[in-house]
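Trainee: So the chains spell out like this:
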Amino acid sequence: MTRVYGVIGIKAKMANWNADFTGRPKSTSNGDIFGSDKALKYPMKKMWENEGKKVLFIKSWKDEKGSIVPNQLGERYKLLFNDIDKKTETKEVMNNLFKAIDVKNFGATFAVEGQNISITGAVQFGQGFNKYDDTNIEIQDILSPFTDSKAEEKGKEAKQSTLGTKITVDEAHYFYGFSINPKNYDEYKTLLGSEFQGYTEADYAEFKKVALVSATAYSTNSKFGCENEFALFLTCKDEECYLPDLSDYIKFDSQKREIDLSDLEKLIEGKYASVEVYFNPFKLSLKTSLSRFNIFTQEKL
Amino acid sequence: MKALRFILSGKTACFRKPDVNVFAYFTYNNIHKPALLGMLGAIIGLGGHNQLSNKNRGLKKASSSYDDGFPEFYGKLKELKIAITPLAPNGYFSKKIQTFNNSVGYASFEQGGNLIVREQWLENPVWQILILDDESEVFQKISEYFLNGKSVFIPYLGKNDHPAKIDDVRIIELLPFIKEQKVSSLFEENKLQIVKSPPRGELSYYFKEVSPIRLNEQHHFYEYANLIFTNHKIENENVEDVLSCEGNNYAFI
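Protein chains in written order, with the working numbering: chain A, 20 to 320; chain B, 2 to 254.
Quick caveat, the hints were computed from the structure, so don't treat them as lab data.
From the three backbone atoms N, C-alpha and C, an ideal C-beta is built for every residue, glycine too.
Any given hint might turn out to be false.
Simulated coverage check for chain B against chain A, where a stretch passes if three residues somewhere in it have a Cβ under 8 angstroms from a Cβ of chain A [said to hold, decoys possible]:
id, segment
1, 50 to 56
2, 97 to 104
3, 204 to 214
Given the sequences, and given the hints that come with them, work out the whole structure.
Mentor: Encoded structure:
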């Protein structure tokens, strides 16, 4: 497996891809909207979980004295693998961790008593910045069906039900740069022996699948309207090839909804073995000489 | 004298300060020397803290196979001399606290299982970095990797969700220190004297930050120095480790 760089594009229409604590989309101090790497990894992990694959770092619940509370890390590990305590061999724990598909891709910080394991994942994302110029934040009032329960405590009588807010963007186009460096696992190949293969083509195939569809597949109230609209995968010629965050080199025309890859093509010239560009041909136009694919059917255009 | 020059930038960055871990994590304004050496080590494929702890896992401190030295990257790179120049007005980058929810529950023992992480980020940081050619093997390797656009591990700015952009790599020729002129890079407070009077026709600025400068030999935590970035002129007649290039002085720390 050689090194891969790429970009994942997410469209949000009347949706909220990644909110901060005020409920508005996450932003930098000059108002640029972005989504965190966590927001992108979550639908990927959810999709793997729904397919019945082992996913370690995701919320799961247990019944504790009649109340439902989240599992601790050790408990989650036990649920997927076997018992763990201070005496469990680190090698065994590492081997198990790599069996979880989220750890294999994104790495892990595993801190359970007696076990302190930190694995840098092969797949690393940057922040996904919005490249659409005219994004507006829409704040809607929504009616709650209930009266305020606190009103009684304050000695007032509530005659009306309460209001809430729902915050969305009218339109945003997020672009995440990512890299996949199989070398991150070379160290574990020596530690774990021949049983451990490192990051394989099969792992990459699984990642590619969720990279193309997981945001579209994941629908909650705030993320209905978020979909995968773009993806670029570049396989390097040289396994030690350095490229910066590729999302930085994508030009997006907000009027025409057009993605222009000419800067990126200049940057990567002579450095790749293959490049595939997936996009939504119904809503986007794409200016590139690289091979183009339909993101829904994955057919070559 | 020669040096390797490149521009290091990113959209966001976070070089965590280890001295505060309540409520929010803060970042240094500039990449510091141990972090920069770590990045260089990653590019040429040297081991870090993690590799050292994996090597020493399960071993007693007294045992003969226990490695009580530095992480590989620091042991090999600590003699390198570098000059860091923040490319921003007055050397100051804007920062904002970003908030994250960690709701997996097992990450903390918070009530309700929700841990709120607040992290201060640098925005659009850009630095010019110079690495002095000390004719060592490791410098040769670093310049080969930089000039040919190669890296073993992918470099990032403080944390791995902030990819680093490396541009404009070249080897430059260094000349002696230019007297009675400012230093265009960060320098250690106790090594250079600056003149009191402000520069003519300019508003004066003076940026000072307590910054990690080396790793402690025994415990591998940071040791600090006061780093200055100012447009005041230098009073000293003779200085060590200050060289010039294209009419600007740079202090190698």
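Trainee: Quick check: which numbered hints come out false for this structure?
Mentor: 3
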